[in-house]
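Peer 1: Here's the letter readout for the chains.
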Amino acid sequence: MIPHLISIAPFGHLDFWLGVGIVAGIYAIFTLGLQLNVGFTGIVNLGQAGFMAIGAYAMAILIVNYGWSPWLALPVATLVAMLAGVIVGMPAVRLRGDYLAIATIAAAEIVQSTAQNAINLTGGNNGLLGFDAAWQTIQIWALGLLATIGLGQMDQIPLFALTWITFGALLVILFTLQHTPWGRVLRAIRENEDAAEALGKNAYAYKIQSLALAAAIGAIAGYLLALNITLIYPGTYSADFTFIGFAILVLGGLGSYSGVALGSILLWFVLEGARFIDLPLSADKVAALRLLIVGLVLIFIMALRPQGILGKREEMVLRG
Amino acid sequence: MGGRRVRPPFLYMLTSATAAQASPSESSGVGLSTAARGLVLVGATVIVVVVLIATKGYQPAAQATANGLVSGTYFALGAVGLALVFGVLRLVNFAHGDFLTFGAYSALLANAFFNLPIIVATAIAVAATAVLAAVLELAVWRPMRARRAGGLQLLLIAIGLAFVIRNGIQIAAGTEPRTLHVDITSAVSFLGGIRLGTTELAVVVIGLVALVLVAILLSISRLGKEMRALADNVSLAEVAGIDTGRVIIATWLVAGALAGLAGVLVAAAVGVLTPQFGFQLLLSLFAATILGGIGNAYGALAGGLLLGLAQEWSTLFIDPRWKLAVGFAILILTLLIRPNGLLGRPALK
Chain Y
1 MIPHLISIAP
11 FGHLDFWLGV
21 GIVAGIYAIF
31 TLGLQLNVGF
41 TGIVNLGQAG
51 FMAIGAYAMA
61 ILIVNYGWSP
71 WLALPVATLV
81 AMLAGVIVGM
91 PAVRLRGDYL
101 AIATIAAAEI
111 VQSTAQNAIN
121 LTGGNNGLLG
131 FDAAWQTIQI
141 WALGLLATIG
151 LGQMDQIPLF
161 ALTWITFGAL
171 LVILFTLQHT
181 PWGRVLRAIR
191 ENEDAAEALG
201 KNAYAYKIQS
211 LALAAAIGAI
221 AGYLLALNIT
231 LIYPGTYSAD
241 FTFIGFAILV
251 LGGLGSYSGV
261 ALGSILLWFV
271 LEGARFIDLP
281 LSADKVAALR
291 LLIVGLVLIF
301 IMALRPQGIL
311 GKREEMVLRG
Chain Z
1 MGGRRVRPPF
11 LYMLTSATAA
21 QASPSESSGV
31 GLSTAARGLV
41 LVGATVIVVV
51 VLIATKGYQP
61 AAQATANGLV
71 SGTYFALGAV
81 GLALVFGVLR
91 LVNFAHGDFL
101 TFGAYSALLA
111 NAFFNLPIIV
121 ATAIAVAATA
131 VLAAVLELAV
141 WRPMRARRAG
151 GLQLLLIAIG
161 LAFVIRNGIQ
171 IAAGTEPRTL
181 HVDITSAVSF
191 LGGIRLGTTE
201 LAVVVIGLVA
211 LVLVAILLSI
221 SRLGKEMRAL
231 ADNVSLAEVA
241 GIDTGRVIIA
251 TWLVAGALAG
261 LAGVLVAAAV
271 GVLTPQFGFQ
281 LLLSLFAATI
291 LGGIGNAYGA
301 LAGGLLLGLA
311 QEWSTLFIDP
321 RWKLAVGFAI
331 LILTLLIRPN
341 GLLGRPALK
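These protein sequence lines are chains Y and Z, in that order.
Every letter in the first sequence is one number past the one before it in the numbering used here, and letter 309, counting from 1, is 309.
Every letter in the second sequence is one number past the one before it in the numbering used here, and letter 184, counting from 1, is 184.
Just so you know, the hints here were simulated from the structure itself, not pulled from any lab data.
Don't take each hint at face value.
What the hints assert, rightly or not - Restraint ranges, calculated between C-beta atoms of paired labels, are given here:
(1) Y:ALA274 - Z:ILE216: 47 to 53 Å
(2) Z:LEU191 - Y:ASN202: 53 to 59 Å
(3) Y:SER69 - Z:PRO177: 43 to 49 Å
(4) Z:PRO177 - Y:ALA274: 47 to 53 Å
(5) Z:VAL209 - Y:LEU199: 54 to 60 Å
(6) Y:LYS312 - Z:GLY271: 49 to 55 Å
Just so you know, these numbers come straight off a predicted model, no measurement behind them.
Backbone N, C-alpha and C fix where the C-beta goes; we use that ideal spot for every residue, glycine too.
Chain Y extracted, bound-state conformation:
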């Protein structure tokens, strides 16, 4: 899929499409967490952007405010995000599907509000800077390496590679997990929670584990997003991020991890490709047009092909 994406040269520069590929990769990672929750456990997590924010902020706060090494800050921040998943999950997964959706989005909005208002910790709306010194070093080293093969000016390649290698690694992990007894219990819970309980499986604990793992995946997406825009501020982690994730999820198909990559690449190709249509619109209106397309994708996929491109219809469940 990657060569396919970057070979669309007629539209513009390779560098531009590498940038799009990075964004698509970050969204794909983010949506892997949604796929685990929605597609494979049957819990509608609308708060994924909140977990992403918690991971990214924890990472940056530990590095910037407390001077931690990133190699220590990254695992600790991931644990913090998982802990947030457990804390939100403990009350939320007891709720019916639609209540759970509302509870998780409310939790994410509290995170957003905290990021905006706890200025001493988060920098408020100015955000946090200067957490990526280690990455800059690695990037310079990687670009030096690329220069020896004549690709030194392609400065997006390192992050592009990091993003999609991370995606690939997570894909392998999740794919493996899906075929373990743990993964099978999750799907059993999605299909029929009472039956799973009758077999002695603690559905409650499994659902919380699913949410915590999704939160960790969200945190990883948050780190990459922070590296990509070199700044962490509240607006990046709005509920819109989660909703775009859902559009990717249903486009690729519920219950398909590889569909997530396809969905993300397709959606971002359309959204960024829209730039090349000469529209007499200002920047904020183009931004609105892109989100309008996201809305149309959600409506039309759900109305006409709810299983998405690669999904299976029988994988569509919302616990009532």
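We have chain Y already, so just place chain Z on it with the hints.
Peer 2: Same frame as chain Y, now just chain Z:
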């Protein structure tokens, strides 16, 4: 489906009976025990006000209460529609917040662009939003019900519609903050030092009148009873001869009209509006609906007012910028402690 003349009292007995059967200890949500719980709620609110006056002084506490009534009024108006739609259709309408935005921008178009007086503009906004809601029912929701769409499908379609409405407005009107032609400078003082803007006062009065009318519509009109019957049990309502298609359209018209009105009132009370404001309000509306008991229109009325009051009261203790987070915390606490809400019935399956 023939007997469309079934008398409401019979229907009411029928629906009450089923609810009582489902859970003998709880009433159907319109019976005496709900009224009693409502009284308890009013009593508790009065006690909180008295305690706040005693601890924080008269003026600050009374001012916060007045401010809370302003936001509580438009929360309640928005939440009633959300609760009606959830009750009748089991649909969590994520586009409801953007109905408010649609109403406010319709009024803006009429008022600031075509220079119509604000009263006329409000009427246009109410009508336009009601029509929008009904059109979406015919174009989207009815066909999706016919296909027996699942809960996740409906939820994501609602989110998609929210995106389309909000960003459609943004493409048409831009992101810059807009203002209605209302008086936002003059203010009145009353009851010994409470200050409210004249417009805010008008918002409270108009909003409370609308809420009383809605409560009357629900409790004594035939349509209101049919809506509540449908919310209670769709199959039984159909057996009893209620034309569900007609009641569903009416529900959307009422929900849309109230959302349109709420949108104009928010825009007037807050002073500025952006295409994002309705969506930003949506979670507060959810909070109000859940606080009152989701699917229960009276509960949403009470929940909206209480949420507005609670948010403003919280500013007596913590920085006002945490106001929104207070609302979401109330939402989560309600789900934790009393998931059926303050006036709610037993869990709806």
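Peer 1: Does each hint hold? Answer for all of them.
Peer 2: Hint check:
Checked against the given bound of 47 to 53 Å, the beta carbons of Y:ALA274 and Z:ILE216, roughly 49 Å apart, stay inside it. For Z:LEU191 and Y:ASN202, the hinted distance range of 53 to 59 Å is satisfied, since their beta carbons lie about 56 Å from each other. Distance hint check for Y:SER69 and Z:PRO177: the Cβ-Cβ separation is about 44 Å, which falls inside the suggested range of 43 to 49 Å. Range check, Z:PRO177 to Y:ALA274: about 26 Å between beta-carbon atoms, so the 47 to 53 Å window is missed.
Range check, Z:VAL209 to Y:LEU199: Cβ separation about 57 Å, and the 54 to 60 Å hint holds. Range check, Y:LYS312 to Z:GLY271: about 51 Å between beta-carbon atoms, so the 49 to 55 Å window is met.
The structure fails to meet hint 4 from the earlier list, while all remaining hints are met.
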